[in-house]
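Use the sequences and the hints to build the structure in full.
Spelled out, the chains give:
2 protein chains.
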Amino acid sequence: MVDDSFIDDWRHSRKERLESFTCDKLLPLLLSKDRAALSSAITLIENNSPEFRKEASKLVNKLMPYSGGAWRLGITGVPGVGKSTFIEAFGKVLLSKGHRIAVLAIDPSSSIGGGSILGDKTRMNWLSLQENVFIRPTPTGDMLGGVARHTRESILLCEAAGYDVIIIETVGVGQSETMVHSMVDFFLLLMLAGAGDELQGIKRGIMEMADAILITKADGENSQKAKQAKIAYQNALHLFAHQEGDWLPKVQTCSSLEEEKIEEVYDLVIRYFDLMKSNGMHEFQRKEQDISFFNENISFLIQQGFFGEKAWKDELLNYQEKVKQGLISPFEAADELYANFKGKV
Amino acid sequence: MVDDSFIDDWRHSRKERLESFTCDKLLPLLLSKDRAALSSAITLIENNSPEFRKEASKLVNKLMPYSGGAWRLGITGVPGVGKSTFIEAFGKVLLSKGHRIAVLAIDPSSSIGGGSILGDKTRMNWLSLQENVFIRPTPTGDMLGGVARHTRESILLCEAAGYDVIIIETVGVGQSETMVHSMVDFFLLLMLAGAGDELQGIKRGIMEMADAILITKADGENSQKAKQAKIAYQNALHLFAHQEGDWLPKVQTCSSLEEEKIEEVYDLVIRYFDLMKSNGMHEFQRKEQDISFFNENISFLIQQGFFGEKAWKDELLNYQEKVKQGLISPFEAADELYANFKGKV
Numbered sequence: 001m002v003d004d005s006f007i008d009d010w011r012h013s014r015k016e017r018l019e020s021f022t023c024d025k026l027l028p029l030l031l032s033k034d035r036a037a038l039s040s041a042i043t044l045i046e047n048n049s050p051e052f053r054k055e056a057s058k059l060v061n062k063l064m065p066y067s068g069g070a071w072r073l074g075i076t077g078v079p080g081v082g083k084s085t086f087i088e089a090f091g092k093v094l095l096s097k098g099h100r101i102a103v104l105a106i107d108p109s110s111s112i113g114g115g116s117i118l119g120d121k122t123r124m125n126w127l128s129l130q131e132n133v134f135i136r137p138t139p140t141g142d143m144l145g146g147v148a149r150h151t152r153e154s155i156l157l158c159e160a161a162g163y164d165v166i167i168i169e170t171v172g173v174g175q176s177e178t179m180v181h182s183m184v185d186f187f188l189l190l191m192l193a194g195a196g197d198e199l200q201g202i203k204r205g206i207m208e209m210a211d212a213i214l215i216t217k218a219d220g221e222n223s224q225k226a227k228q229a230k231i232a233y234q235n236a237l238h239l240f241a242h243q244e245g246d247w248l249p250k251v252q253t254c255s256s257l258e259e260e261k262i263e264e265v266y267d268l269v270i271r272y273f274d275l276m277k278s279n280g281m282h283e284f285q286r287k288e289q290d291i292s293f294f295n296e297n298i299s300f301l302i303q304q305g306f307f308g309e310k311a312w313k314d315e316l317l318n319y320q321e322k323v324k325q326g327l328i329s330p331f332e333a334a335d336e337l338y339a340n341f342k343g344k345v
Numbered sequence: 001m002v003d004d005s006f007i008d009d010w011r012h013s014r015k016e017r018l019e020s021f022t023c024d025k026l027l028p029l030l031l032s033k034d035r036a037a038l039s040s041a042i043t044l045i046e047n048n049s050p051e052f053r054k055e056a057s058k059l060v061n062k063l064m065p066y067s068g069g070a071w072r073l074g075i076t077g078v079p080g081v082g083k084s085t086f087i088e089a090f091g092k093v094l095l096s097k098g099h100r101i102a103v104l105a106i107d108p109s110s111s112i113g114g115g116s117i118l119g120d121k122t123r124m125n126w127l128s129l130q131e132n133v134f135i136r137p138t139p140t141g142d143m144l145g146g147v148a149r150h151t152r153e154s155i156l157l158c159e160a161a162g163y164d165v166i167i168i169e170t171v172g173v174g175q176s177e178t179m180v181h182s183m184v185d186f187f188l189l190l191m192l193a194g195a196g197d198e199l200q201g202i203k204r205g206i207m208e209m210a211d212a213i214l215i216t217k218a219d220g221e222n223s224q225k226a227k228q229a230k231i232a233y234q235n236a237l238h239l240f241a242h243q244e245g246d247w248l249p250k251v252q253t254c255s256s257l258e259e260e261k262i263e264e265v266y267d268l269v270i271r272y273f274d275l276m277k278s279n280g281m282h283e284f285q286r287k288e289q290d291i292s293f294f295n296e297n298i299s300f301l302i303q304q305g306f307f308g309e310k311a312w313k314d315e316l317l318n319y320q321e322k323v324k325q326g327l328i329s330p331f332e333a334a335d336e337l338y339a340n341f342k343g344k345v
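Those protein sequence lines, which keep their order, are chains A and B.
The first sequence begins at 1 in my numbering and counts up one residue at a time.
The second sequence begins at 1 in my numbering and counts up one residue at a time.
Hints in this document: simulated from the structure, not taken from any laboratory.
Since this is a predicted model, take the numbers as computed values, not measurements.
Be aware that a few hints might be false.
All copies of an identical chain are treated as equivalent in the list; a pair is satisfied when it fits inside any one copy or across any two copies.
No more than 27 Å apart at the CA atoms, straight line, and that leaves these computed lysine-lysine pairs for BS3-like [stated by the list, open to error]:
1. K58 with K324
2. K62 with K342
3. K322 with K287
4. K92 with K230
5. K324 with K54
6. K227 with K92
7. K322 with K62
8. K313 with K25
9. K54 with K313
10. K310 with K342
11. K54 with K15
12. K97 with K250
13. K324 with K62
14. K342 with K54
15. K313 with K342
16. K322 with K58
17. K287 with K324
18. K342 with K15
Now the structure itself:
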């Protein structure tokens with residue numbers, strides 16, 4: 001059991017710590033590739049309260065000129081597909097080529113208990129100990145909009161801190177993929193061979209987003225199945241792959257466990273960026289990413305302008321209480337509150 | 001190939017069709033359990049343009065007194081776990097007990113091609129042909145907030161149209177589960193036995209939300225594995241299950257294919273509602289659902305108040321163009337636009 005005074009102390013010191021994270025202090029440290037400063041800067045941007053938000057915005061805005069140089073890679077796949085194991089093996093290859101790697105893991109943490117991914121601490125054991133690697137989970141909390149903004153800002157921070165490969169890892173098959181796709185250059189979908197019928201349960205939308213599909217765990221008695229799956233996915237991609245700037249989505253197999261064909265994934269990424277940079281698509285994609293970022297920012301500011309002000313927050317709580325007591329329908333409550341709000345912000 | 005005049009015609013007739021969906025016309029039809037009217041009403045609420053939104057709000061608000069009577073069940077699980085097959089088998093049991101069933105499937109459709117779940121047409125073949133069954137996919141589009149509101153309103157519409165079991169089906173392990181959990185009474189997590197290590201890849205947050213875990217495909221040579229998985233999950237739930245109002249989350253196995261132990265799921269749901277209604281938790285949960293609904297509504301109205309007005313929409317496009325041309329950072333653009341917006345809405 002943790003006693004209350006301890007929590008108070010912790011909260012207090014946490015706030016004090018945050019207050020010490022100023023733009024002026026963090027910016028030069030970030031640019032000198034200081035890992036602790038990067039960590040602090042991400043903590044700062046993850047805080048949504050207006051007082052810290054201002055400093056965070058200032059920081060991100062100032063470091064924008066130093067960002068943009070990295071490969072932004074999105075990696076997704078259902079739970080159990082082996083994302084972490086792949087990132088370990090892939091990270092090893094990246095390090096051997098002289099890259100500096102940041103892994104931002106979007107972590108759909110518990111909305112009830114606030115818990116994090118089970119067994120998180122044991123993931124990417126080897127990689128997390130390497131000097132040129134920065135690993136950070138992004139808690140999703142309750143607002144997907146918040147995650148998008150945090151992750152996008154974290155990308156910029158990592159780039160400014162000299163990481164030239166940013167890996168955004170996301171779990172599941174759902175909304176978060178669309179979000180991650182909108183912030184990366186290259187989107188890699190990991191798939192299992194022989195886990196149920198091929199293509200069953202795979203969402204067309206996710207496959208359409210993929211720049212490459214990688215069939216994992218292609219080792220031992222699974223090798224044959226992986227080869228068959230490769231053919232099946234290649235055929236499927238023919239049917240409904242979305243083609244962006246002459247790049248045809250590729251399908252490959254690999255074994256993270258035996259570190260086989262991981263180098264081939266690296267080659268694929270190289271070929272991708274070569275093509276996209278030569279045909280202007282890379283620049284185009286980055287502009288699209290900027291627009292998504294702008295859209296998220298303006299949405300955030302609008303919500304913040306409302307929910308961030310104490311008077312409106314109190315009003316909101318008032319109406320929530322009325323709804324709870326059944327005095328008003330959730331519909332009418334929203335209409336009334338919005339009518340009050342309109343013209344006064 | 002579809003020629004443009006055809007598309008124009010189709011768009012025109014679609015708008016005309018929507019215009020014919022008025023509250024006054026739909027409300028009595030809905031209350032008389034007219035399935036076509038229910039379908040039209042959902043089409044109406046799915047449309048986000050302000051002209052139709054007004055009519056939709058009016059409709060939902062008017063039918064609120066007729067809603068609330070159903071079991072609201074959420075069903076989730078990774079792709080391939082057999083959600084549709086289970087819902088078919090479970091639906092058969094529900095029908096045999098005299099229930100009327102609405103299935104709202106949250107469909108993470110493509111954000112690029114606009115496509116829908118692959119193989120959608122072949123899902124729930126038998127169930128979709130039954131008289132007392134209404135099945136409707138909810139496209140997620142780009143905004144999760146939109147989905148939440150649409151789905152919540154669809155629940156109310158279905159209840160007013162006399163469906164007494166509402167099943168919200170959702171895919172993947174991520175944000176949409178949290179959303180669905182906030183709008184249902186009973187949250188069922190389907191799991192596969194022996195698909196990778198037990199518990200690996202399962203998010204603690206999802207397990208914490210589950211009122212029951214159902215291990216599917218417990219048939220043939222899978223039976224033994226399913227039994228082992230049941231024990232593993234029972235132990236896991238002991239560790240971190242969230243206990244709501246005396247209900248201890250249960251773990252069961254079933255075979256949808258062989259229609260085995262499906263009746264036991266029905267019994268479980270009965271026991272759940274008996275307990276929750278007797279101890280007041282059901283009422284409490286419904287109030288929590290109302291508050292979430294209110295929060296979503298107010299967020300929507302605020303966003304709508306901005307992006308729904310032509311002048312601001314034009315300004316938004318302006319800034320997007322500037323960001324695209326690299327004339328301004330996505331950050332500064334949002335700040336400037338918000339500063340203009342502030343005080344003028």
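Now the hints, each set against the structure:
1. K58 with K324: between (39 Å within a copy, 21 Å between copies)
2. K62 with K342: between (34 Å within a copy, 24 Å between copies)
3. K322 with K287: between (45 Å within a copy, 10 Å between copies)
4. K92 with K230: Answer is within; shortest intra-copy Cα gap is 24 Å, inter-copy 37 Å.
5. K324 with K54: Between copies only: 25 Å across chains, 34 Å inside a chain, cut-off 27 Å.
6. K227 with K92: The answer is within: 24 Å in one copy meets 27 Å, while 39 Å across copies does not.
7. K322 with K62: between (44 Å within a copy, 19 Å between copies)
8. K313 with K25: Neither: 32 Å inside a copy, 38 Å across copies.
9. K54 with K313: Cα proximity of K54 and K313: in one copy and across copies (19 Å, 26 Å).
10. K310 with K342: both (16 Å within a copy, 17 Å between copies)
11. K54 with K15: Answer is within: at 15 Å inside a copy they meet the 27 Å cutoff, but 44 Å across does not.
12. K97 with K250: within (22 Å within a copy, 50 Å between copies)
13. K324 with K62: Classified as between; 19 Å across copies, 44 Å inside a copy.
14. K342 with K54: Result: close both inside a copy and across copies, 25 Å intra and 17 Å inter.
15. K313 with K342: So K313 and K342 pass the 27 Å test inside a copy (15 Å) and across (17 Å) alike.
16. K322 with K58: Classified as between: cross-chain Cα gap 20 Å, same-chain 39 Å, threshold 27 Å.
17. K287 with K324: between (45 Å within a copy, 5 Å between copies)
18. K342 with K15: neither (33 Å within a copy, 29 Å between copies)
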